[in-house]
Structures are given as C-alpha cells and as structure tokens.
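Top line first, the protein sequences correspond to chains A and B.
Mind the numbering: the first sequence is residues 1 to 271 in the working numbering, read in order.
Mind the numbering: the second sequence is residues 1 to 182 in the working numbering, read in order.
Derived by calculation from the structure, the hints in this document are not laboratory data.
Be aware that a few hints might be false.
Claimed, not checked - Derived Cβ-Cβ restraints for the label pairs, each shown as a range:
id : chain 1 : residue 1 : chain 2 : residue 2 : range
1  : A       : L53       : B       : G105      : 32 to 38 Å
2  : B       : I8        : A       : T15       : 21 to 27 Å
3  : B       : L116      : A       : E237      : 29 to 35 Å
4  : A       : T252      : B       : I8        : 51 to 57 Å
5  : B       : L156      : A       : V238      : 44 to 50 Å
6  : B       : F26       : A       : K3        : 45 to 51 Å
7  : B       : R123      : A       : T252      : 26 to 32 Å
8  : A       : D209      : B       : S141      : 32 to 38 Å
9  : B       : L116      : A       : L184      : 41 to 47 Å
10 : B       : L116      : A       : G187      : 43 to 49 Å
Unchecked claim - Computed cross-link-like contacts, DSBU-like style, restricted to lysine-lysine with a CA-CA straight-line distance of at most 30 Å:
id : chain 1 : residue 1 : chain 2 : residue 2
11 : A       : K7        : B       : K89
12 : B       : K89       : A       : K9
13 : A       : K268      : A       : K48
14 : A       : K3        : B       : K89
15 : B       : K89       : A       : K8
Said to hold, decoys possible - Calculated Cβ distances over 12 Å to all of chain A for the following chain B residues:
id : residue
16 : A6
17 : L62
18 : F91
19 : R162
Glycine included, each C-beta is placed from N, C-alpha and C at the ideal position.
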Amino acid sequence: MLKKSRKKKISILLTVVAVSLGLIFLTPESLVRPFRRVVIAVSYPLEKIAALLSYRVKNTAGFLGSISDLRNENERLIRENNSLFAKNATLLSVQKENDELRSQLGLIPKNKYSLAAAFVIGHDSERSGTWMTVDKGSGAGVAPGMPAIVSDGILAGRVGEAADTSAKVNLLTSPESVINVLDLESGAKGVVRGDFGLGIIMDLVTQEDVVNVGDTLVTSGLGSNMPKGLLVGTVQEVRSTQDKLFQQALITPRVPFRDIDVMFIITKTNE
Amino acid sequence: MTRNIATILVLLLAATVQISVFPIIFPLFPGPNLFLLLVVYRAVTNGFVGTWRYAVLAGAILDLLLWSPLGTHVLIFALVSAAAGSLAKRFLVVHQPWNLLALVGIVALASLASDLGLWLITRLLAAESLRQAVFFKFTPSSALLGAVSTALAMLLFYWPARAVSRRWRWFLRSGNPVPKLH
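Please model the entire structure based on the sequences and the hints provided.
And the structure:
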C-alpha cells in the first residue's frame with residue numbers, strides 16, 4: 001500500500017517536472033501570451049486598487065513620520081523661496097540660451113511628446129529590480145519598445161510587453177534595456193544597459209572618446225522609438241573593458257526607481 | 001466548482017498582495033513569498049498528492065503575472081511541495097512542542113530552495129536566449145532576507161489559516177489534520 005502510494009507520488013512529480021521543463025524551454029512566448037493577457041486582465045482591478053491603497057498607506061505613514069520636521073521644513077522653504085525669486089530672473093535668460101542649444105543639438109523640446117500617464121501598479125516580487133507593471137496597456141496605445149519617462153524627461157526604461165490594460169516596463173537597470181546614449185559634455189557615444197538590477201553601465205565607448213565623472217548622459221536618438229535628449233543619468237565611474245578595446249562607465253540614474261509611482265509612456269513623438 | 005473558484009480567488013489575492021502591496025509599502029525589504037507560503041502550508045497539511053494540482057495552478061498564475069517563462073514557478077512549487085510534504089511527514093507530529101520550529105524551518109528552507117531553483121533555471125535559460133534570462137536575480141542576502149520574511153509571515157499566517165481550515169474542513173476537504181503547534 002505504502003509502496004503504491006510512493007509510486008503514485010513519484011509518477012505525479014516526474015510528470016509535472018517533465019511538463020514544466022517542456023513549457024519553460026520549448027513553449028514560445030507567442031503561445032503563452034493569450035493566457036497571460038487573460039490572467040493580467042482578471043487581476044488588473046485588484047492590482048490597481050491594492051496599489052492605490054498601498055500608496056495612500058505609504059504616504060500617510062510618511063506624513064505622520066514627518067510631522068515633527070514640518071516646522072523646520074517651513075522655515076527652510078521660506079528662505080529658499082526668497083533665494084529662488086532672485087534665481088528666477090537669471091533663469092529666464094538661461095532658458096533662452098537653453099532653447100538655442102537644444103535646437104543646435106537637435107534635441108526635441110519636451111512638449112513635443114504624446115504621453116500616456118500611467119500608475120505603477122506592480123513590482124518585480126522576485127527582487128531582480130528590473131521591471132514594473134503600469135496601468136496602461138495596448139488599449140491606451142502603449143506598445144513594446146516605447147520609452148517610459150518620469151517627471152521632466154528623465155528616462156526610466158522602455159515598455160517590454162503590453163497587455164490590454166497594463167504593460168511591463170523594463171527599467172534601465174534591466175539587461176533587456178539597451179539604449180544608445182550621448183555624453184552631453186564631450187559628445188562621446190555609447191550604449192547603456194542594465195546590470196541585473198544592480199546598476200546601469202555605459203558600454204562600447206571607444207578609447208578615443210572622452211567620458212568624465214559627472215558628465216550627463218542623454219539618449220542619442222538611435223534605435224526605434226527612442227527620441228533624442230531624454231536624460232539617462234550621470235557618470236559615476238569610468239574604467240576600461242578587460243580587452244581594453246572599449247571604455248565602460250557606471251551610471252547613476254537621476255531617480256531612484258523604487259520610488260517611482262507614476263510614469264509617462266511616450267506613445268508618439270510629435271515631430 | 002465553487003472550491004476551484006475560491007482557490008483561484010485566494011491565489012489572485014495573494015498575487016495582488018505580493019506584487020502590488022509589499023513592494024510599495026516595504027520597498028527596501030524583500031517581502032514574503034505568499035504563494036510559496038500557501039503551497040508549503042497546503043503540502044504540510046495535505047501531503048504532495050493533495051497539493052500538486054494547487055502547486056501547478058499557483059505556479060502558472062505567478063508565471064503569467066510576473067511575466068516569467070511559463071512553467072518556471074510550476075516546476076519550483078511542485079518540487080517544493082513534494083519536499084515539504086516529505087519533511088512534514090518526518091518532522092511534524094501532532095502535539096510535538098517543536099512543531100512550530102520545524103514548520104518555520106521548512107518554510108525558510110523552501111524559500112531558499114525556491115530562490116536557488118529560480119537562479120538555476122535563469123542560468124539555464126541564459127545559455128539559450130538572453131531575452132528570457134533576466135527575470136530573476138539571485139543574491140545571497142536577498143535570498144536570506146526573503147527566507148526570513150516568508151518564515152515570519154508563516155508565523156502570522158498559521159493560526160488564522162488553522163482556524164479557517166478547521167471551521168471549513170468540509171469545504172477545503174483537508175486530507176490530514178492540521179498539525180497543532182505549541
């Protein structure tokens with residue numbers, strides 16, 4: 001009896017293992033996609049409600065924790081406000097100069113994108129830190145390859161896959177994100193890619209090009225769907241590759257990806 | 001039928017919490033793996049034969065929601081439930097005072113084994129194609145923290161689950177009595 005039960009257990013386990021391995025290694029993503037879409041569509045309302053409630057809880061907890069600091073913060077803001085009034089006058093002239101520089105560099109003005117605002121409703125629970133789920137999908141015109149930005153033109157990643165109601169955004173820290181960039185200060189060109197959630201690396205920079213610590217990187221516009229001039233990050237460290245053919249740089253992103261709750265997907269460049 | 005729908009709903013709720021709640025509220029800390037916890041709990045109470053369908057369903061839902069290759073979590077959960085069922089048979093005996101420790105240990109081991117398994121599959125896939133190779137990143141510290149948080153969640157989950165499974169035994173059709181912990 002015991003032997004029979006053990007036999008049954010082993011046969012079930014072997015069958016499940018064999019089927020799983022077949023699914024993992026032999027099933028193309030195109031076959032899985034319809035099932036994925038159904039499950040994502042069913043879980044979408046739950047995820048959205050849960051994410052919004054979680055943001056509210058997080059913000060309330062953050063607010064309660066910061067009440068004691070509000071008085072000091074208020075005084076600091078008053079001083080800062082006075083100082084900013086003075087700076088504003090200077091910036092008006094800088095803006096004009098900036099517009100001229102942007103046109104010289106061929107960068108697209110920031111108001112020339114068609115954006116789809118999207119809430120982050122899901123995170124990578126396997127802790128690779130390489131993707132997020134947003135609440136806009138192909139129904140809102142979102143498609144794979146479209147850039148995802150935060151705040152004022154800072155690149156966060158690009159859409160990896162899109163279901164009807166939601167989409168997976170591969171962050172810059174994902175090895176799947178490979179983006180052509182340009183060093184604004186020196187003009188050096190290269191490719192940035194993620195390092196499995198641990199950071200961002202600028203690669204394939206020739207030895208003749210100059211990349212300095214603190215330089216600002218923007219997208220060069222090469223490659224499909226990626227407009228020029230989106231801010232990628234700042235150079236933190238420069239080193240040579242092992243074969244000494246190229247230079248590599250570690251890049252510090254301008255925003256901590258963990259804290260992103262809203263993204264904008266560039267669905268169209270109005271140029 | 002009702003039981004199957006209820007099972008799917010429970011799994012979807014667990015997925016929602018795992019994907020949309022824990023990472024937002026605790027962004028710096030690896031949250032507990034609720035799916036693993038549910039599968040291990042079920043394996044401990046029902047044995048592998050009473051769990052494998054549940055493990056397959058849970059794995060498939062998680063694979064589809066996490067955009068990972070279908071079959072990855074199915075394989076992991078099947079192996080983990082088989083191991084957890086066997087360990088529970090050996091170490092969890094009704095009314096043993098160290099059952100709690102054994103149960104928490106099984107959950108922590110299952111979490112570590114799950115991370116190692118995912119890492120191994122990731123490496124195997126990396127040899128085949130880069131596209132599918134990036135869904136999991138293994139670091140010892142995050143694996144340990146994940147194991148600790150999942151084990152802690154098991155402590156919080158155990159007694160409510162035990163009460164529910166006792167009251168709704170007719171509905172859940174639990175094969176074995178839930179081990180009593182002291």
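Comparing the hints with the structure gives:
Between L53/A and G105/B the beta carbons are some 33 Å apart, a value that agrees with the proposed interval 32 to 38 Å. The hint said 21 to 27 Å for the Cβ distance between I8/B and T15/A, and at roughly 22 Å that hint holds. Restraint check, L116/B to E237/A: a C-beta distance of roughly 31 Å satisfies the suggested window 29 to 35 Å. Between T252/A and I8/B the beta carbons are some 43 Å apart, a value that contradicts the proposed interval 51 to 57 Å.
Distance hint check for L156/B and V238/A: the Cβ-Cβ separation is about 48 Å, which falls inside the suggested range of 44 to 50 Å. A hinted range of 45 to 51 Å for the beta carbons of F26/B and K3/A is consistent with their spacing of about 47 Å. A C-beta distance of roughly 29 Å is found between R123/B and T252/A, which places it inside the suggested range of 26 to 32 Å. In this structure the supplied range 32 to 38 Å holds for D209/A paired with S141/B, their Cβ-Cβ distance being about 36 Å.
Distance hint for L116/B and L184/A: a CB-CB separation of about 43 Å, consistent with the stated range 41 to 47 Å. For L116/B paired with G187/A, a C-beta distance near 46 Å keeps the hint of 43 to 49 Å intact. Distance hint between K7/A and K89/B is fulfilled; the C-alpha atoms sit about 17 Å from each other, no more than 30 Å. A distance of roughly 14 Å separates the Cα atoms of K89/B and K9/A; the hinted pair therefore holds under the 30 Å criterion.
Using a Cα cut-off of 30 Å, the hinted pair K268/A and K48/A holds, with the two alpha carbons roughly 25 Å apart. Pair hint K3/A plus K89/B holds up; C-alpha atoms about 15 Å apart against a cutoff of 30 Å. At roughly 17 Å between alpha-carbon atoms, K89/B and K8/A fall within 30 Å of each other, so this suggested pair holds. Residue placement check: A6/B keeps its beta carbon more than 12 Å from all beta carbons of chain A (closest about 15 Å).
In this structure L62/B is not separated from chain A by more than 12 Å, as the shortest Cβ-Cβ distance comes to only about 9 Å. Here F91/B stays apart from chain A, with its beta-carbon at least about 18 Å from theirs, past the 12 Å limit. Interface exclusion of R162/B from chain A stands, the closest Cβ pair being 25 Å apart, more than 12 Å.
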